[in-house]
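Q: Okay, so the sequence shown: first residue is 16 according to my numbering, each after it adds one.
Keep in mind that the hints were calculated from the coordinates and are not lab data. These numbers come from a predicted model, not from an experiment. Every residue gets a Cβ at the ideal spot worked out from N, C-alpha and C, and that includes glycine. A portion of the hints provided could be inaccurate.
Under the rule of at most 16 Å between Cα atoms (straight-line distance), these lysine to aspartate or glutamate pairs were calculated in the EDC-like manner [to be verified]:
| no. | residue 1 | residue 2 |
| --- | --- | --- |
| 1 | K55 | E18 |
| 2 | K55 | D93 |
| 3 | K90 | E114 |
| 4 | K89 | E114 |
| 5 | K90 | E107 |
| 6 | K89 | D73 |
| 7 | K90 | E110 |
| 8 | K55 | E31 |
| 9 | K89 | D68 |
| 10 | K90 | E101 |
| 11 | K89 | E101 |
What follows is a list of derived Cβ distance ranges for each label pair [said to hold, decoys possible]:
| no. | residue 1 | residue 2 | range |
| --- | --- | --- | --- |
| 12 | E124 | N22 | 17 to 27 Å |
| 13 | P26 | T102 | 11 to 21 Å |
| 14 | S20 | H96 | 31 to 41 Å |
| 15 | T102 | A134 | 13 to 23 Å |
| 16 | L108 | P26 | 18 to 28 Å |
| 17 | S75 | N98 | 21 to 31 Å |
| 18 | N74 | E18 | 40 to 50 Å |
| 19 | E18 | P78 | 17 to 27 Å |
| 20 | N82 | P26 | 20 to 30 Å |
| 21 | E130 | E32 | 18 to 28 Å |
| 22 | P78 | K55 | 12 to 22 Å |
| 23 | E110 | P78 | 34 to 44 Å |
| 24 | A134 | T24 | 20 to 30 Å |
| 25 | L39 | D93 | 12 to 22 Å |
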Amino acid sequence: MTEYSTNVTDPHERQEEQQWGRILSTGNPVAGMILVFTQKFCTAVHEFGPAFDAGLIDNSTLPFYRNRLSMRLKKVLDIIHANGVETGLPTELLESLLERVNTAQSTTELGAMVEPVHAAGHAVCDALENW
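Model the full structure from these sequences, guided by the hints.
A: In C-alpha cells:
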C-alpha cells in the first residue's frame, strides 16, 4: 500500500485526511461511496455556516438551503439502506439530522448545525474505518 501524504498542518484536518485515505484504501466501494457523500454533505454545511455567520444568507433562502442539505444527506442514507449496511453505522444520528434539516424554521437553525454535522461526519468515518 502506498502511504498517503498531505501538507495540511492542522492536526485535526491532517487526521481527517489520513482517516479518509485509510477508508478509501480498503477498496470497499460501499464504504468509499458513503464516505464521499458524507463529505459532500459535511462540506455543504461547512460552507453554509461561515456564509451565514458573515450575514450573506437570510431566511428568504431557507427553502433552497433546506432542500439542498436534505438532498445531500438523503443520498448518504439511500446508499446505506440500498446496501443493507445500517448496522454499525450511526444511521439513527443521520436520520435525526435529516429531521432537523427538514424541519428547520430559519437559517439560524441550519447555521447551528455545523458542529453536530461535523461530529456526525466523524462518527460515520470512525464506523467505516472499523468495518
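Q: For every hint, state whether the structure bears it out.
A: Hints versus structure:
Taking the CA atoms of K55 and E18, the gap is about 24 Å. The hint is violated against a cut of 16 Å. Note on K55 and D93: the hinted pairing holds, with a Cα-Cα distance of about 14 Å set against a maximum of 16 Å. Our distance criterion of 16 Å between C-alpha atoms is met by K90 and E114, whose separation comes to about 14 Å. Proximity of K89 to E114 is assessed by CA-CA distance (about 10 Å); at most 16 Å being required, the pair is judged to hold.
This hinted pair checks out: K90 and E107 have alpha carbons roughly 15 Å apart, not beyond 16 Å. With a C-alpha separation of about 24 Å, the suggested pairing of K89 with D73 is violated against the 16 Å cut-off. Distance hint between K90 and E110 is fulfilled; the C-alpha atoms sit about 12 Å from each other, no more than 16 Å. This hinted pair checks out: K55 and E31 have alpha carbons roughly 14 Å apart, not beyond 16 Å.
Note on K89 and D68: the hinted pairing is violated, with a Cα-Cα distance of about 25 Å set against a maximum of 16 Å. The hinted pair formed by K90 and E101 meets the criterion: a straight-line CA distance of about 14 Å does not exceed 16 Å. Using a Cα cut-off of 16 Å, the hinted pair K89 and E101 holds, with the two alpha carbons roughly 14 Å apart. Taking the beta carbon of each, E124 and N22 are about 36 Å apart, not inside 17 to 27 Å as hinted.
The hinted range of 11 to 21 Å is not satisfied by P26 and T102, whose Cβ atoms lie roughly 31 Å apart. Between S20 and H96 the Cβ separation comes to about 35 Å, which falls inside the hinted range of 31 to 41 Å. Between T102 and A134 the beta carbon distance is about 20 Å. The supplied range of 13 to 23 Å therefore holds. In this structure, L108 and P26 meet the distance hint of 18 to 28 Å, their C-beta atoms being roughly 25 Å apart.
Evaluation of the 21 to 31 Å hint for S75 and N98 yields a failure: the beta carbon distance comes to about 38 Å. For the pair N74 and E18, the beta carbons lie near 47 Å from each other, so the given range of 40 to 50 Å is met. As the Cβ distance of E18 to P78 is approximately 45 Å, the hint placing it in 17 to 27 Å is violated. A hinted range of 20 to 30 Å for the beta carbons of N82 and P26 is inconsistent with their spacing of about 35 Å.
At about 20 Å, the beta-carbon gap between E130 and E32 stays in the expected band of 18 to 28 Å. In this structure, P78 and K55 meet the distance hint of 12 to 22 Å, their C-beta atoms being roughly 20 Å apart. A hinted range of 34 to 44 Å for the beta carbons of E110 and P78 is inconsistent with their spacing of about 21 Å. Evaluation of the 20 to 30 Å hint for A134 and T24 yields a pass: the beta carbon distance comes to about 23 Å.
As the Cβ distance of L39 to D93 is approximately 20 Å, the hint placing it in 12 to 22 Å holds.
Of the numbered hints stated above, those contradicted by the structure are hints 1, 6, 9, 12, 13, 17, 19, 20, 23, listed in ascending order.
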